[in-house]
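Novice: Chain by chain, the residues run as shown.
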Amino acid sequence: MAAIEVQGLEREFKGGVKAVQGIDLAVGEGEIYAFLGPNGAGKTTTVRMLTTLLRPTGGRALVAGHDVAKEAAAVRRQIGVALQEAALDPLMSGHELMRLQATLHGLPRAEGRRRADALVERVGLGYAKDRRVGTYSGGMRRRLDLGMALVHEPRVLFLDEPTTGLDPSSRAAIWDEVRRLNDEGTTVFLTTQYLEEADQLADRVGIIDDGRMAIEGTPAALKAQVGQPHLDVCLTDGANDHAEGVLARFGEVRPGIEGVHFQVTLAGGAGDIAPVVRALDEAGLAVAQLNLVNPTLDDVFLAETGRHLEGDQDTGEVAALSVESG
Amino acid sequence: MRAELRAIGALGLRSIRNTFRYPRYLGPILVFPTLFLAVNTGGAGGAIDLPGFPEVHGFLDFQLAAGILQASLLAAVMGGTGLALDIELGFTDRLLAAPIRRPTIVLGRLAATFVLGMFAAVWFLAIGFAFGAIVKGGVLGVIFVILFGGLTATAFGGIASAIALKSGTASVVQGMFPLVFVILFVSSAFFPAELMQEPSQTIAHYNPVSLVAAGIRGPVVFGLSASDTLDGLLGLAIIGGLGFVLSAWGLRARLRAS
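If you read the sequences in order, they're chains A and B.
So in numbering that gives the first Met the number 0, spot 74 of the first sequence is number 73, and the numbers just go up one at a time.
So in numbering that gives the first Met the number 0, spot 180 of the second sequence is number 179, and the numbers just go up one at a time.
It should be emphasised that the hints constitute simulated quantities derived from the structure, not laboratory data.
Glycine included, every Cβ here is placed at the ideal spot set by N, Cα and C.
One should not assume that every hint holds.
To be verified - Facing chain B, from chain A, some residues (calculated, C-beta under 10 Å): (1) T51; (2) A68; (3) A72; (4) A73; (5) E95; (6) L99; (7) F157; (8) L265.
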């Protein structure tokens, strides 16, 4: 049985604004599914419907086997939710909030205290559990929010942009925890604007645009659909007379600015890098910089919609290769 | 049912704790009415000699009901403000995503308002005793006054919650603040209605707050009586009923809007 099953899900707001326009998707038990899209694409509206916070105006959604519209209470018992803005009471301590969450989920007092103790440690907040949340950093708040979502051991965990605005180390800590949870069998439905996040964490990715599902699949399969990696070649000044001809042996060449930059699609993939370097050397062409660029989920989005994802408009994933000579 | 009661208790405890942790919440409930009581008692104490003023032990005894009412109404406004802040902060979404009934969220807040109303009554009784007031109804009278303080705060809390739920904005709820004084001034909270000029006298006559004032004042200045208690309960039923209907409507509106 799928952990999440959505058919033709729609949400229309007052004034006729259609935020979600007939989404279909299925998330298997134990899967990490990333829901990717630009701001305003309908990600949060979809999550709010799946977590029973918003009633769908069309279609049907089952979460943990229960209908979100007709069996909302049963859905709430099975899910954990960490919403976009870690909505935490700044006057309460982390431990108090955990215990409150346990009570709201009907855990007996002793069990709630035990779970709260264990979870504050698990999310690395044991040292700050008695401090007011108002004194926590953004990363600490996110980790607490994640811990609170786990207090009743949910089957399905919804994370709405869990790392937005976090520094790289806090982001990595959240990713580690999500992976750990998933290893323990929790199904994770994650929305994000970050391509890297989806790429790193997700078993499958769904890309939403303007309330509609643009494309869905594994990150590798989606990226393979948009083509091969390419090489950005930057030559030293005045050494470019016959560069285009040399590079054309390896794939399609697009000349760049000032006659010293070239972009060549590698028909043979990353394995062509060494032959390209050798050919340029043999032709007496001095290389200033060389970058291998792999297709990204942004390229997938670009190919599907003709637009870049907001906030991630770089041209691709640059491999750890940067050759300078001269 | 037991789980819902535990949730109401936990949410109520949270609200009470936050009120005491944040002076901005507690200040208006205690400081303004206390200052008002001091100024009013000191400056208008001669009012008890006016013809038609009921025979009382002292003007402070008479004014205790006004202080308790004022503090209870302000506790209600602060409860509504807290609920609106939860909505603004997104904390209400967290509660809505939990497997509890929707009214539990409002009832938790009202439970805290009830406790704060009782606390306000205890505060003013303590001030009264410290400055020589007596409660003619004895220990039972004290218990009645404290309970009335809690129930008054809860009844008005329903109205404040409705405004919080409908608007979702703390500043709108805080806009009720001046209204509290208007409602009290056109009731018999501060002065006997018989001594007011028209149209205030007529308004005070029909104002349910006057009935509640009688319910709180009676045990202090006259002793326990069925008629004052029933007046008080009738006033609370009118205000509480209005609060219940409005907050149910506000909750529906909030759930539709979220």
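Novice: With reference to the structure, classify each hint as holding or not holding.
Specialist: Hint-by-hint comparison with the structure:
With a cut of 10 Å, the hint placing T51 (chain A) at the interface with chain B holds, because the nearest CB-to-CB distance is about 7 Å. Contact between A68 (chain A) and chain B, as hinted, is not supported at the beta carbon level, the nearest pair being about 13 Å apart and thus beyond 10 Å. Annotation: interface hint on A72 (chain A) holds; nearest CB of chain B at approximately 6 Å, less than 10 Å. Here the hint on A73 (chain A) is kept, as its CB sits about 8 Å from the closest CB of chain B, short of 10 Å.
Restraint check, E95 (chain A) versus chain B: the minimum CB separation of about 8 Å is within 10 Å; hint holds. Annotation: L99 (chain A) was flagged as interfacial toward chain B, and the flag holds, the nearest CB pair being 5 Å apart, inside 10 Å. Hint on F157 (chain A) holds. Least Cβ distance to chain B is approximately 9 Å, under the 10 Å limit. A hinted interface residue such as L265 (chain A) counts as satisfied when its beta carbon comes closer than 10 Å to some beta carbon of chain B; here the least separation is about 47 Å, so the hint is violated.
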